[in-house]
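Using the hints, position chains E, L and A against chain F.
Protein chains: 4
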Amino acid sequence: MTCTCAYHDQLIEIRRHLHTMPEEGWSEFTTTAFIVGKLREYGYEVLLGKKVINPDNCLGRNLKVVEAGLKLARENGVSEELLAEMDGLTGCVGVMDTGRPGPTLAIRFDIDCVPVTESTEDCHIPAREGFISKRPGLMHACGHDAHTSTGLAVAHWFADNVDQMNGKIKILFQPAEEGVRGAAGMAASGILDDADYFLGAHIAMMCKSGEVSVNPYGFLCTTKLDVTYTGRPAHAGVEPNAGHNAMAAACNAFVQLLGIARHGSGMTRINVGQLVAGEGRNVIPSHAVMKMEVRGETGEINQYMYDSAVNIIKGCALSQNCEYTIEKMGEAVDLTNDPELVKVLTEAVGNVEGMTARQDPMNFGGSEDATILARRVQAHGGKAAFFVLGADRPSGHHTAKFDIDEKALDKGLAVWANAIKLILK
Amino acid sequence: MTCTCAYHDQLIEIRRHLHTMPEEGWSEFTTTAFIVGKLREYGYEVLLGKKVINPDNCLGRNLKVVEAGLKLARENGVSEELLAEMDGLTGCVGVMDTGRPGPTLAIRFDIDCVPVTESTEDCHIPAREGFISKRPGLMHACGHDAHTSTGLAVAHWFADNVDQMNGKIKILFQPAEEGVRGAAGMAASGILDDADYFLGAHIAMMCKSGEVSVNPYGFLCTTKLDVTYTGRPAHAGVEPNAGHNAMAAACNAFVQLLGIARHGSGMTRINVGQLVAGEGRNVIPSHAVMKMEVRGETGEINQYMYDSAVNIIKGCALSQNCEYTIEKMGEAVDLTNDPELVKVLTEAVGNVEGMTARQDPMNFGGSEDATILARRVQAHGGKAAFFVLGADRPSGHHTAKFDIDEKALDKGLAVWANAIKLILK
Amino acid sequence: MTCTCAYHDQLIEIRRHLHTMPEEGWSEFTTTAFIVGKLREYGYEVLLGKKVINPDNCLGRNLKVVEAGLKLARENGVSEELLAEMDGLTGCVGVMDTGRPGPTLAIRFDIDCVPVTESTEDCHIPAREGFISKRPGLMHACGHDAHTSTGLAVAHWFADNVDQMNGKIKILFQPAEEGVRGAAGMAASGILDDADYFLGAHIAMMCKSGEVSVNPYGFLCTTKLDVTYTGRPAHAGVEPNAGHNAMAAACNAFVQLLGIARHGSGMTRINVGQLVAGEGRNVIPSHAVMKMEVRGETGEINQYMYDSAVNIIKGCALSQNCEYTIEKMGEAVDLTNDPELVKVLTEAVGNVEGMTARQDPMNFGGSEDATILARRVQAHGGKAAFFVLGADRPSGHHTAKFDIDEKALDKGLAVWANAIKLILK
Amino acid sequence: MTCTCAYHDQLIEIRRHLHTMPEEGWSEFTTTAFIVGKLREYGYEVLLGKKVINPDNCLGRNLKVVEAGLKLARENGVSEELLAEMDGLTGCVGVMDTGRPGPTLAIRFDIDCVPVTESTEDCHIPAREGFISKRPGLMHACGHDAHTSTGLAVAHWFADNVDQMNGKIKILFQPAEEGVRGAAGMAASGILDDADYFLGAHIAMMCKSGEVSVNPYGFLCTTKLDVTYTGRPAHAGVEPNAGHNAMAAACNAFVQLLGIARHGSGMTRINVGQLVAGEGRNVIPSHAVMKMEVRGETGEINQYMYDSAVNIIKGCALSQNCEYTIEKMGEAVDLTNDPELVKVLTEAVGNVEGMTARQDPMNFGGSEDATILARRVQAHGGKAAFFVLGADRPSGHHTAKFDIDEKALDKGLAVWANAIKLILK
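In order, the protein sequence lines correspond to chains F, E, L and A.
Using the UniProt record's numbering, read the first sequence as starting at 1 and increasing by one per residue.
Using the UniProt record's numbering, read the second sequence as starting at 1 and increasing by one per residue.
Using the UniProt record's numbering, read the third sequence as starting at 1 and increasing by one per residue.
Using the UniProt record's numbering, read the fourth sequence as starting at 1 and increasing by one per residue.
Pulled out of the complex, with its shape left as it was, chain F reads as follows (with noise of 0.2 Å):
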C-alpha cells in the first residue's frame, strides 16, 4: 500500500487558492502559470501552446474571453516571457521519462471554471471559511480545482517517486472541459500518440465518499451548437408586419427543440443554456443567439438528435423569413473502459482502505471531453478508462452551492498513486 498522505496539506491548500480563482475555459493563463510554476518545481518537462493544443482544433473559443484572461494573466504578474510559450493557448502537459523501458502513461485533469456565481451563505464552506471565488459570476462548480489540485499531488507524488518506476508518464492539464471544448485540440496535437494507457477521472458526480465507480456508463455523446437568426427590423407600432422576427424564430425553435421525439434506444438530452434576441423594446427583434447543445447515449442517438435540431431551426427559419447559421462549438464522444484498466482500478481501489470499487454499470449521464482524448488512444490500439472518484457534495454540480468532501481528495491521490504503480512499476 502507497502512503499519500504526505500530500495531504498541498491537496488542500492548492485546492482552496484555486477556488478563488476560477477562469473560464481559454481563458486559464493565470491558472496555467500556476500549474506551470508547480511542475516546475517538480522536476517536469512543460510542454505548452501549440505543443499541446492544435488551435485548427480548437472549439468554442471565444476571442474575447482570451483576451480578458490574457489581460487578467498580466494583472495577476503572470511573466510576458511565459505568456509568450502559451501563444494565445491555455492548458500544459507535464512529462517525466523515467529512462526505463516501459510503457507510456498519460493522465488528465481539467482545470476550468463554470459561470456560476457561488453562494455566500454561512452554511457554504468556502463561504463560511474564506476561500470563496473573488470572481462573481464564476465559480469552480464542477470541482476542477480539485481536479487540478490531484493533478498537481499526484505529479509530485511520481516525481519523488519516480526512481521506483518505468516507462514514461504525461500528465495532462486540460483546458476548457466545460463545454466539452478543449479535448479536441488537445488530441489534434498528436501529444497522445504514443501513449499507451491513458486515464482520467471526474470528482462526486453520481458517486459517494468512499466509492469509485470504475466502470461507469452513459458517457452521453454530445454536440454543442451555436445558432443565429437573422431577421429584418421594424418600428412594431407603425409597420409590425414589415418586420422579420428573428425572437419569434428562435422562441418557436425553442420550443420544438426541447420537444424532439425521445429516443426508444437510448437516452438523449437538449438544452438551450443562453437565448439573447431583440433590440429596443419597440423594434421587431432583428437578431436571436441561441447556445445550445445535444446529448445522445451513443453516437447515433447524438446525431439522430443533432439531425433533428438542424431541421427545427432550418423549419424555423422559414416559417419567420429569417436567415440562419449553426455553428459547432464543441463535442464528446461516448467511452466503454478496456477490460485490462478496470482490473487496474479495482486492484487500486481495492488497496486503499475503506474504499469500494463499484464494478456494476453505474450511470455518468453527462458528457465528458476526456472520451475524446479517450477515443484518440485507443485509436492506436492504447488502453483507456475513466473514473468517478465518489465524494459527497451538500448540492448539485454547476449549483452555486457545490461543494466536495474534501476527505475525498487523499483517498483519490491514493488511488490514482496505486493505479500509476500497477501500470508504471
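None of the hints are false.
Chain F is faced by these chain E residues, among others (derived, beta-carbon under 8 Å):
| id | residue |
| --- | --- |
| 1 | Val238 |
| 2 | Pro240 |
| 3 | Asn241 |
| 4 | Gly243 |
| 5 | Asn245 |
| 6 | Ala248 |
| 7 | Asn252 |
| 8 | Gln256 |
| 9 | Gly259 |
| 10 | Arg262 |
| 11 | Lys314 |
| 12 | Leu318 |
| 13 | Ser319 |
| 14 | Asn321 |
No wet-lab data here; the hints were simulated from the structure.
All figures in this text were calculated on a predicted structure; none of them were measured in a lab.
C-beta atoms are modelled at their ideal positions from N, C-alpha and C, and glycine is treated no differently.
Same frame as chain F, now just chains E, L and A:
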C-alpha cells in the same frame, strides 16, 4: 310609405320553421325545396342546379355533407324530381320579369346554418317557445333563417305588387355563405351578368333594432384554407424517434399562425377553427388537419396574412419532417357601396317609421361572400350595396344563445320593399 | 420435450381468422364469443362479465365503442344469451382444475386491436394471402391476434394433457390492453387472488425469431390521461377578443408537454396521441380534447412526468382563460420477474430446439398492463414473470405493415407448454 | 406670413451636430447641456432637474445608462456645476414671459435616440456627408435630432420676436420619449399645470414633405413592461429534471403573447423587443428577462392586451414552475386634438407656401408620450394638439438608414412660428 304588415305572420312563421331545421352549407336540400315551393307558389320562375351554381367554382363542398343532406331530404319527402333538378347543388334563384322596360335588380339572401349546438336554457326564446333546432350540433346562429324568411316575404310582396313595377327582379337564395364558400360558384354561373343593381343585407351584427347601416365598411377580405400534415406513425413507447409527428407540426404551426404580426395599414384576423390530429393514444400522430382562415382589411393585407401563413405552414412541415397540403376552401373580398345605392337605402330607411339610416362608417368587422357577388355586378358596370339591418340580440353571432329581436323582421321587410320600389318603380 | 406440432394448423388458422376481425378495447364481444366457444369446446369452465372484470375499475371504457361492439356482435350472430353473460364486459377466463393437489397457475393473453389502417400493399402478407383486416381503421398491429391464438392452443394442449397435470390453470383473455386499460378491472375482480404463479408474454418487440427474453426490463410505468379544455366561443372576425381559445390552450400545452425535461435517472416518454379541437372555421375554438400518456422507467419517474404535465395543463388553462379537466384513462406499472420463474422459463426455452433463452437484460421499452396483474399476484406472495417471444417482423408495432413470422407461433406454444409442465406437472 | 429663413443654417447645423452624438433616454446629459447653453444664449430662464422631472414618476430609468451618460458628459467637458443642476435628471424647460397678459403656451420637443446601429453605406446621407453617429449601436433614427434642432430654432425665433408676443411660452425638451418613459415624470413635475395650450409634433411618420397632418388619430395607448422569470438551474446532462426552466417559461410566453387575439373594436400591437435568458450552455436556464410592450387603439383595448399578457405570463410561470415579476416601464395614452388648435394649425400651415394641412384622419399608428403631457393639460381645461410635420424619408423609422428630407425643417419651423403667433400674438 309601403305597408308590408300583411306579411308579418309569414315572416315569423317561416323564420321559426327554418330555425328548427338548420342545414349546413352545400347540404341545404330540404331548405332549398321549401324555398322553391314558396317561390313557385308566388309565381316565380325558379332556376336550380347548374343554372345557379357553377360546380367548377364550388369552394369547400364536402361530399359527405352533400350526401347526408340528400339523404335527409329524401327522409323529409323531397321529391326525386326536384332533387334531380337540383343536381346535387343547393340554392336557387327566383326570377320575375315585369314585362315592362326597366333595370334588372338582383337581391340575395343566404340560407345555411352554423355548426353550433343550440342552448336549451329557458332564457333562450327558441328553446322556451319551442322552435329550437331539431338537429343537435347545427343551429341557425347567424340569422340566415331570418334572411331566408325575409327573402320569401320580399318575394311574396313583390309578386303581389308586380303590376306597379318595371324591369326584372332576381331573388338569389345562396347556399354555403358560412365559410364564404357559396358565392364564388353562384357568381361563376353567370346569373348576375345582366344585373344592373345588386343588394344584399345581414341582420343584427353591429346594429341595434331600429338602425340600418347603409354604408358599412370593414368587409374583411378573407381566404379559407384547409391544411393537412402527414407524418409517420410510430409506437410512442418503443421508438418515438421513428415517428414524424404531424400533431407537432400542426400545434407549432398554430402557435406561430396566431402570432403573425399585425399589419400597420389595417385590420387583420386569423383563426384556426378546427384541428383534428392523431390516431391512437400511444402512437406518434401521423395525420393532422386544420381548418383555418385569414382576413385582412384590404386585399393586400389579406394576401400578407395568407403569405405569412403559408410560410409558417411550410416551415413547420420542414421542422417536423412532415408532408403538407394547403387547399383553398372559401374567399370573400372587400366592398365599397356605390353612392347611388347608399342614397336609395337612406331614403328607403327614412320612409320606415322609427328607423334610422346610419350613414357614418360602421365597422362590419367580418367577411361576407355577398362581396363576391357585388364585385361581379360592379365588374360590368352595375351598382352594388350591402346593408346591415339592425336587430337587438341577446348573444353574439355563432353562439349557442344567438337570437334576434323578431320585431326587426317587419321593419327589415319594409326597408327592402321601399328600396325595391325606388329602383324598379 | 413436449410435442405441440398437432396444434400448428389451429394456431395459424385462428390467428388469421382473428386478424380479419380486429376489435378495439372494451368492444371485443365477437372475439370474446369466439374464445368462449373454443374454451367450452375444450372443456373449460368459462367465467365472464363481472366475474372477471370489476366495472368500478374499468379505465378508458368508452360507451360508444362498447355499443358499437355489441351491435357488431349481434350482426355477427352472437347469441343474446351469451351477450347477457358478458353483461357489457369483454374478456373471459377459462378455468380447468385437475382435481389433484397442486398450485394455481394463471396465464394471460390479450385480445384487442389498435386503430391503424392496414396496408393493402402486396408486400404485406395479410394483404397478399387474404387475411387482411375487414375493418378499415382497425388492425391487429400489435400481435394480439397471435396472443389469442396461442392462448387457445395452450388451452387445447392443456385440456388434451390434463391427466398429466396437477393443481389448477386459469387462462385469462384480457380485453383492452392497448391503452393499458383492461388489467386494472380484471385485477380488481379478484380472479387472480388464489394464483400462486402468473405468466404473461408478448410476441416480437425487441426479440427476433428464435430468441426468448426471459428477464426483460424497462416496463415503463405509465399513466394515460384525457385532458379537456373549455373556453368561450366568439366570432373570429367580429370580436376575436371575446373568445377564450381552447385550441390555443391545447396547442400551447402540447408544445410544452413534449418539452418536459428528460429525467436524469431513467427513461421517460410522453405522447399526445389525439387532439381534437374547435368547431366552425370562423369561431374561436371553445373545446379541445387531448388523449395523452406519460411513461417513466420507474414509478417515481412516471410521477415526475405526470406532475410536470399537470402543471403545464393548468398553466395553459390560466394563460388562455380556459377551464380544464384531467381524467385518468389507463395505467401500468413496472415489473421485475421472480427468479424462480426466470429459471422455469429458461429451462422451458432450453427444451425447444433452436431456441435461445436471453437472460441478459433486454429493454422492453414500452408499457404493459400485465404488470398490474403481476403485481396483484406478487402482492399476496405469488410469483410472476413476463417474457417476450421473439418473432421477426417486417415493420414496427402499431404500423400499417406490422406482421409476424408465423413460424414463431409453434415455438412459442412449445415454450408455454414446457413452462406449464414445469409448474403443474 | 412669417419669414423664418434666417434660421435655416442653424436648423441644419444643430440637427447634424446632434445626429453625431445620439444619447439614450435618461442619459442625455451632453445633449441637455447643449440645449441649456443655447437657451441661455437666447435669453431663456432654464429649469432643470427636479423642477422639470418628478423622480418618483420616472419610468424605465436604468441607473447604469444614467451613470454612463454622466461619465460621457464629463468626458465631453460638461461642467460639474451644470450636472449638479441637472441632479441626475436629463431634459430641461426654457421659459420666456413676455410680461404682457396672455395665455401660457407649452410646446414640447423630445431629445433622445434609439438603439440602432447607423448604416455606413454611401447611399445614406449622414454617412456620405459626414454627420453619421459617432456612437455605434445608437442612432437618431426617429428624428429627435430634428425635433431638438427645431425646438431651438423656435426658441431663437421667439426670443427674436418676443416684443410682438403676449403671455408666456414654455419650451419643453423632454428626455426618454423612446419607450414612452419620460413624459410621465415631466407631467408629474407640475411644469404644465399653468399651461393654457399645449402643442407637440413629430416629423415624418405617415406624412410626406409638404404635408402636415393636423388631426391625426391612432395614437396607440401603450404599456411597456419588463418581465422576469426565475427558475432553478440544474445540470442539463446529469439531472435536467431538477431544473425549472425560465427560458421555457419565457419562450412559451412569447409565442402565446404574439398570439393574443386581435380586438374587434380596434388596432392592437404587441412586441417583445428583447429577450435575454440563460446562463451556461449546459445549465437549465434559471433566469429570463423580456422587455415588451402592448398597444391598443383605445385605453380599453390597451387594457385588454395588458390583461391578456399578464394571464399568459402567469400561466407560463405555473406551467414551468418558475417565479415571475412584471414591472411597468413606460406608458402613453390616446389623444384627440382640441378643435380650436386644429383650426390654429390648419391656418398656420395654410400660411406656409407649398404646404398642405391634411385635416382628414391620418393614422399615426404608434405611441407618443406627448399624449401624457397633452392629457395633463386637458385635465385642467387647457387645449392640446399634436401634429405631424411631413418629411420624405428613404427608410422606416428606427431603421439603420432612417433619414429625413432636411428641406422639411424650414417649413416645419414656419408652421411652428405661425401657430405660436396665432396663439400668443
